[in-house]
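The listed protein sequences correspond, in order, to chains A and B. If you want our numbering, it's the 1-based position in the first sequence plus 268. If you want our numbering, it's the 1-based position in the second sequence plus 268.
I should point out that these hints are in silico values taken from the structure, not numbers from a laboratory. In this text the structure is predicted, and so the values were computed from the model without any measurement. Honestly, I wouldn't trust all of these hints.
Which copy? The list can't say, so a pair holds if one copy fits it or any two copies do.
[As the list claims (entries may be wrong)] Dumping the calculated DSSO-like pairs for lysine-lysine here, alpha-carbon to alpha-carbon at most 30 Å:
hint, residue 1, residue 2
1, Lys458, Lys417
2, Lys458, Lys405
3, Lys438, Lys368
4, Lys405, Lys448
5, Lys345, Lys328
6, Lys458, Lys295
7, Lys438, Lys270
8, Lys271, Lys448
9, Lys458, Lys270
10, Lys451, Lys360
11, Lys458, Lys328
12, Lys451, Lys368
13, Lys405, Lys295
14, Lys405, Lys270
15, Lys360, Lys405
16, Lys438, Lys295
17, Lys417, Lys368
18, Lys295, Lys328
19, Lys417, Lys360
20, Lys458, Lys360
21, Lys451, Lys271
22, Lys345, Lys360
23, Lys270, Lys345
24, Lys368, Lys405
25, Lys328, Lys270
Protein chains: 2
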Amino acid sequence: MKKPADNNYPINELSRERWSPRAFADKPVETRHAASLLEAARWSPSAINEQPWRFILGIKGDSSWEKLFDTLIGWNKQWADRAPLLLMVVGKENYSSNGKPNNFHAYDCGQAMAHITLEATNLGLFTHQMGGFSVEKATELFQIPDGYKPLAVMAIGHYGDPDTLPEEMKERELASRERKELKELIFSGKFGEPSPLF
Amino acid sequence: MKKPADNNYPINELSRERWSPRAFADKPVETRHAASLLEAARWSPSAINEQPWRFILGIKGDSSWEKLFDTLIGWNKQWADRAPLLLMVVGKENYSSNGKPNNFHAYDCGQAMAHITLEATNLGLFTHQMGGFSVEKATELFQIPDGYKPLAVMAIGHYGDPDTLPEEMKERELASRERKELKELIFSGKFGEPSPLF
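With the hints as extra help, turn the sequences into a complete structure.
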């Protein structure tokens, strides 16, 4: 299913076509495609090239998938059970060089995950990131040490059938994508003052 | 100048070709291109579609550019003075719906900025994100209110001539792009245990 952005200015096809469905198909992701997704993340930029991203990859049927699924809140469990891949991104909170706090670890992990979403679109795959999971449970189940923080879980797979979703989710699935206008987001001179360009 | 990723698995051309130079050309960015960059950010995903990103756009010659430049640390001032656009991303720290802390604001702002980097590549432009700037100065100069946090500044422009850079920067500019191996980043079973796939 396609839900291209209703964009006012031209943007690249990957950004335009990417969206976050819940209706995943019960169909595996090829290993070579999983590799390309993570490879795209690998080449993402980061503050002083720290690369603060670590990933826990669960493939449906393996214990990591089960544990990742177990960390999700109920709402997400309702739909993510079909996703063939679950991927948790874990941020390294301190710089490797000097142990000082890396204030950019979450920001940079977000960038890496964005590269995954767009590579997924490139491969005809879909992603849906979730903040609704238990950090505590993840930390316990995967023995995540101090200094590393679980940030998000991503479902990855092929598109399925929206009719498999509960009614409330199906409505959202079929709704158009909504965004604020650029004039609400882009300021110049001072914060809150719209840029004259938009 | 091209510095494609030395990737082990195929990735899309935008992720492959994107890199962060310092040698910008003294040449403006067309307004329609600036619009496309911000439009790509606009369609980025975010937790409960909060869209916590706000941007301050400086165009060389205007007061916002001067103020953004003024927030940079000395090292960045040495090269960013040629960039025709400076863009600060400011994260909204609380959810608009209920005022509660949005733990994903930095992560989601990172995603939006990643979309800008890739749209820039799509347009033949280059970006370089900087963590080296003064949050305090930015807050003061742009009167950024409580609840909003300056996260990063991005230089945007056309590629220039590496010979214009100081020697130390020129070396970095010409060096190949380095990344950790996937086996250092992708775990399964427990944190730190390499995935058998990589």
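Structure-based check of all given hints:
{"no.": "1", "hint": "Lys458 - Lys417", "result": "between (34 Å within a copy, 14 Å between copies)"}
{"no.": "2", "hint": "Lys458 - Lys405", "result": "between (42 Å within a copy, 13 Å between copies)"}
{"no.": "3", "hint": "Lys438 - Lys368", "result": "between (45 Å within a copy, 27 Å between copies)"}
{"no.": "4", "hint": "Lys405 - Lys448", "result": "between (34 Å within a copy, 28 Å between copies)"}
{"no.": "5", "hint": "Lys345 - Lys328", "result": "within (14 Å within a copy, 49 Å between copies)"}
{"no.": "6", "hint": "Lys458 - Lys295", "result": "between (50 Å within a copy, 25 Å between copies)"}
{"no.": "7", "hint": "Lys438 - Lys270", "result": "within (15 Å within a copy, 44 Å between copies)"}
{"no.": "8", "hint": "Lys271 - Lys448", "result": "within (17 Å within a copy, 35 Å between copies)"}
{"no.": "9", "hint": "Lys458 - Lys270", "result": "neither (38 Å within a copy, 36 Å between copies)"}
{"no.": "10", "hint": "Lys451 - Lys360", "result": "between (35 Å within a copy, 16 Å between copies)"}
{"no.": "11", "hint": "Lys458 - Lys328", "result": "between (49 Å within a copy, 16 Å between copies)"}
{"no.": "12", "hint": "Lys451 - Lys368", "result": "between (37 Å within a copy, 25 Å between copies)"}
{"no.": "13", "hint": "Lys405 - Lys295", "result": "within (27 Å within a copy, 52 Å between copies)"}
{"no.": "14", "hint": "Lys405 - Lys270", "result": "neither (35 Å within a copy, 44 Å between copies)"}
{"no.": "15", "hint": "Lys360 - Lys405", "result": "both (18 Å within a copy, 27 Å between copies)"}
{"no.": "16", "hint": "Lys438 - Lys295", "result": "within (20 Å within a copy, 48 Å between copies)"}
{"no.": "17", "hint": "Lys417 - Lys368", "result": "both (15 Å within a copy, 20 Å between copies)"}
{"no.": "18", "hint": "Lys295 - Lys328", "result": "within (10 Å within a copy, 51 Å between copies)"}
{"no.": "19", "hint": "Lys417 - Lys360", "result": "both (7 Å within a copy, 21 Å between copies)"}
{"no.": "20", "hint": "Lys458 - Lys360", "result": "between (34 Å within a copy, 16 Å between copies)"}
{"no.": "21", "hint": "Lys451 - Lys271", "result": "within (23 Å within a copy, 35 Å between copies)"}
{"no.": "22", "hint": "Lys345 - Lys360", "result": "both (27 Å within a copy, 28 Å between copies)"}
{"no.": "23", "hint": "Lys270 - Lys345", "result": "within (24 Å within a copy, 44 Å between copies)"}
{"no.": "24", "hint": "Lys368 - Lys405", "result": "both (26 Å within a copy, 22 Å between copies)"}
{"no.": "25", "hint": "Lys328 - Lys270", "result": "within (25 Å within a copy, 39 Å between copies)"}
Checked against the numbered hints given earlier, this structure breaks hints 9, 14; the rest are met.
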